[in-house]
Every structure is written in structure tokens, then in C-alpha cells.
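K.L.:
Spelled out, the chains give:
Number of protein chains: 2
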Amino acid sequence: MTERSLLNQLIDALRCLPGVGPKSAQRIAFHLLERNREGGARLAQIMADAMLRIQRCRRCRTLSEHELCGICANPRRDAGLLCVVEQPSEIVAIEQATDFRGLYFVLGGRLSPLDGIGPDELGLDVLESRLHDEPVSELILAISPTVEGSATAHYIADSAARHGVRVTRIAHGVPLGGELEYVDGGTLALAFSGRRAL
Amino acid sequence: MTERSLLNQLIDALRCLPGVGPKSAQRIAFHLLERNREGGARLAQIMADAMLRIQRCRRCRTLSEHELCGICANPRRDAGLLCVVEQPSEIVAIEQATDFRGLYFVLGGRLSPLDGIGPDELGLDVLESRLHDEPVSELILAISPTVEGSATAHYIADSAARHGVRVTRIAHGVPLGGELEYVDGGTLALAFSGRRAL
Ligand SMILES: [Zn+2]
Ligand SMILES: [Zn+2]
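If you're matching them up, the sequences are chains H and G in order. Each residue of the first sequence is one higher than the one before, counting from 1 in this note's numbering. Each residue of the second sequence is one higher than the one before, counting from 1 in this note's numbering.
Hints are computed from structural coordinates only; laboratory data are not their basis. Keep in mind that the hints are not guaranteed to be accurate.
Given that identical chains are not distinguished, each listed pair holds provided it fits within a single copy or across any two copies.
Unchecked claim - When the alpha-carbon atoms are kept at most 16 Å apart in a straight line, the in silico EDC-like pairs for lysine to aspartate or glutamate are as follows:
1) K23 - D12
2) K23 - E90
3) K23 - E95
Assemble the whole structure, with the sequences as input and the hints as a guide.
P.N.:
This is the structure we're talking about:
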């Protein structure tokens with residue numbers, strides 16, 4: 001192994017993967033080279049293509065190689081329901097777990113003035129246009145109930161109110177099967193403050 | 001996310017990485033697309049190049065993009081010492097941890113007739129040529145002490161004996177700082193059978 005051999009370059013480059021340190025990078029490199037070159041070559045090609053061509057859907061801001069993502073382009077989705085999430089991965093989770101058939105909007109974060117994240121960074125101007133142009137009857141907020149998340153939710157709720165759109169938020173609390181002693185304190189506090197009459 | 005979107009293709013392709021299931025593949029894809037496209041693009045390029053160009057060194061059979069790897073091509077390495085390992089990754093470990101300055105030979109496995117792995121599959125003909133052509137004075141076996149590993153070691157030792165080359169093997173036993181109760185039984189048995197007088 002001379003310095004900067006192609007093998008060492010590969011091991012270094014693999015460290016851009018989340019959670020991959022020097023040891024796992026080496027293990028991955030040897031695995032691909034010795035056992036799955038075809039898979040590695042295919043991954044390399046798709047990855048190059050994806051990094052270049054995947055952009056944000058202009059309607060919902062999720063990741064897509066098309067100007068409109070598959071959900072936004074699907075005429076059978078219910079344009080009356082609009083669900084606001086923080087990250088594209090949350091759309092995948094909702095699509096897999098629920099029968100929600102409305103549309104989405106991806107913020108990409110939460111309002112955080114100190115970090116320079118204002119309404120424009122979250123695309124709230126785009127969301128505002130959608131509330132104006134589209135037949136949205138209910139805006140569902142799936143935003144984490146942190147301080148910044150709540151501020152973001154309030155900001156969006158105010159905007160929706162100006163357009164006469166009903167705003168709801170998904171329920172937060174102890175997960176199904178979650179044992180109380182293992183649930184984090186914030187969730188437990190939320191579950192108590194959000195208690196309902198039987 | 002329509003079926004077979006470029007994003008889904010990327011998530012599927014990432015599963016060729018060892019230990020990466022559907023959830024981590026998704027996490028990696030979003031991480032690269034949202035936070036490190038430049039790193040992802042560089043990785044894709046190097047990976048494509050590596051899968052295509054990295055082959056086996058013709059002298060030691062380790063992975064290299066050159067016909068001769070950096071170690072084999074280095075005239076300052078001691079050609080009198082030849083260390084036989086099972087995998088290329090073991091060369092990296094030995095180079096990092098020891099001051100060994102000899103040369104290597106990579107088997108790529110162990111003799112296993114039932115799996116169709118014979119002397120040729122391990123390149124033992126190449127090793128034999130080296131013992132004949134090169135000034136090897138000591139052949140060091142760094143082969144794991146399993147049944148198949150021992151059979152492989154014996155086969156190589158016989159071949160070395162025919163060329164009048166001294167054969168040694170690295171010590172196996174309880175690792176430094178290893179607490180006996182946590183060491184696996186096979187290692188502990190080896191440590192006992194390999195005990196030396198104080
Ligand atoms: Zn979209
Ligand atoms: Zn070599």
C-alpha cells in the first residue's frame with residue numbers, strides 16, 4: 001500500500017458515509033473489491049447520477065430527479081390535504097405506515113433565527129403560494145414538538161389562518177408498546193399534557 | 001416517490017455495502033443528498049475507478065491498481081522474509097502494528113476441498129515459484145489456527161521444506177489485556193497448549 005494508492009483513496013472516500021470510520025471504511029472497500037465488484041460498480045454509477053440529477057421538487061421540496069416528484073405529479077392524490085414535514089425521509093415513513101393520500105410539503109428544518117434559518121430557508125413563501133393557489137382544506141403539521149419546532153408550527157398556523165385553512169397537528173405521546181420507564185422525559189411530559197378524557 | 005425513482009435506485013444500490021439494510025440505506029442516501037453531495041460525487045467517481053482498475057498484485061496477490069503493489073515494488077523491503085496471510089486487510093493490520101519489513105503473500109482463503117478451494121485457488125503455485133526464484137530465508141505463516149487454516153499451513157510448510165526455507169508461524173493465544181473469562185474457548189485452549197517455561 002503506497003501512500004495515496006487507489007485503494008487508500010477509496011477507503012478515505014468511503015468515510016463520507018455517515019457513521020463510517022477508518023476501520024469500517026476499510027472493511028467496506030475490501031468487501032466490494034473481493035466479493036461484489038459488480039454491485040460496487042453499479043452503486044458508483046447510480047450514486048454519481050443521483051448526486052448530479054436529484055434536486056428538490058418545486059411543489060413540495062422533497063428530493064426527486066423530476067421537476068415534480070411522483071406524489072405531486074400523481075392526480076389521484078387528494079390536494080385538499082397537505083402534510084408539512086421537516087425532512088424528505090419522513091414522507092417515506094408516513095407513506096409506508098399510514099393510508100394518508102394527500103400531498104406533502106418539506107421544510108428541510110425548523111425556524112432558527114440564530115442559525116440564520118428564517119421563513120425563506122424553509123420555503124415558507126412556496127408553502128404560502130400553495131395555500132393561495134391550491135384547494136387545501138386541511139394543513140396537517142408533522143413537526144417535532146421541540147421549542148424550534150413549535151415556533152415553526154405557530155408561524156405556519158398563522159399563515160394558514162390568513163388563508164382560511166384548517167390546521168391540525170399529529171399526536172405526540174408514548175409510542176405503541178412503549179414502556180413508560182424507557183420513554184424519554186420530554187415525550188412522557190407531552191403524553192401527560194396531551195391526555196384526553198376516556 | 002414513484003417506483004424506481006432515482007432515489008429508490010440509490011437506496012437499493014447502497015444495500016450492496018456490508019451490514020447496510022433498508023433503513024440505513026435510506027439514511028445514507030438522504031445524508032449524501034442533503035448534506036454532502038460533493039463527497040458523494042467524489043466517492044462515486046473513485047469507487048467506479050477502483051472497481052475497474054484494482055486487481056491483484058502479480059507477486060503477492062494483494063489488491064493494487066498496479067501490476068506490482070507498493071510493498072512488492074519497494075526495493076527497501078527485505079526479500080528474505082516472506083509473510084503469508086489469508087486476506088489483504090491483514091497486511092494493513094501488520095503494517096500498522098508491527099515493524100515487519102519483509103514481503104507478503106495473500107492466499108485469499110484456506111484450503112477447503114469440499115468447497116472446491118485447492119492449492120491453485122490460493123495461488124500456491126505462485127508462492128512455490130517465489131520460493132524457487134526469490135532469496136527467501138524465512139516464511140512466516142500468519143494463518144488462523146482453524147482446522148482448514150492448519151491444513152493450509154501444513155501444505156505450505158511442506159512446500160517450503162522442499163525449497164529449504166525455514167518456516168515459522170505467528171503466536172496465537174490470549175491477547176494483551178484480554179481477560180480470561182472473555183476470551184473465546186478456542187483461543188484459551190491454544191494459549192494453554194502453546195504455554196512456555198518461564
Ligand atoms: Zn413533490
Ligand atoms: Zn504485491
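K.L.:
All the hints need checking, so say for each whether the structure fits it.
P.N.:
Do the hints match the structure? See the list:
Taking CA atoms no more than 16 Å apart as the test, K23 paired with D12 passes inside one copy only; the shortest distance there is 11 Å, against 24 Å between copies. Only between protomers do K23 and E90 lie at most 16 Å apart by alpha-carbon distance; the minimum there is 12 Å, versus 31 Å within a single protomer. Only between protomers do K23 and E95 lie at most 16 Å apart by alpha-carbon distance; the minimum there is 14 Å, versus 36 Å within a single protomer.
No hint from the list above goes unmet by this structure.
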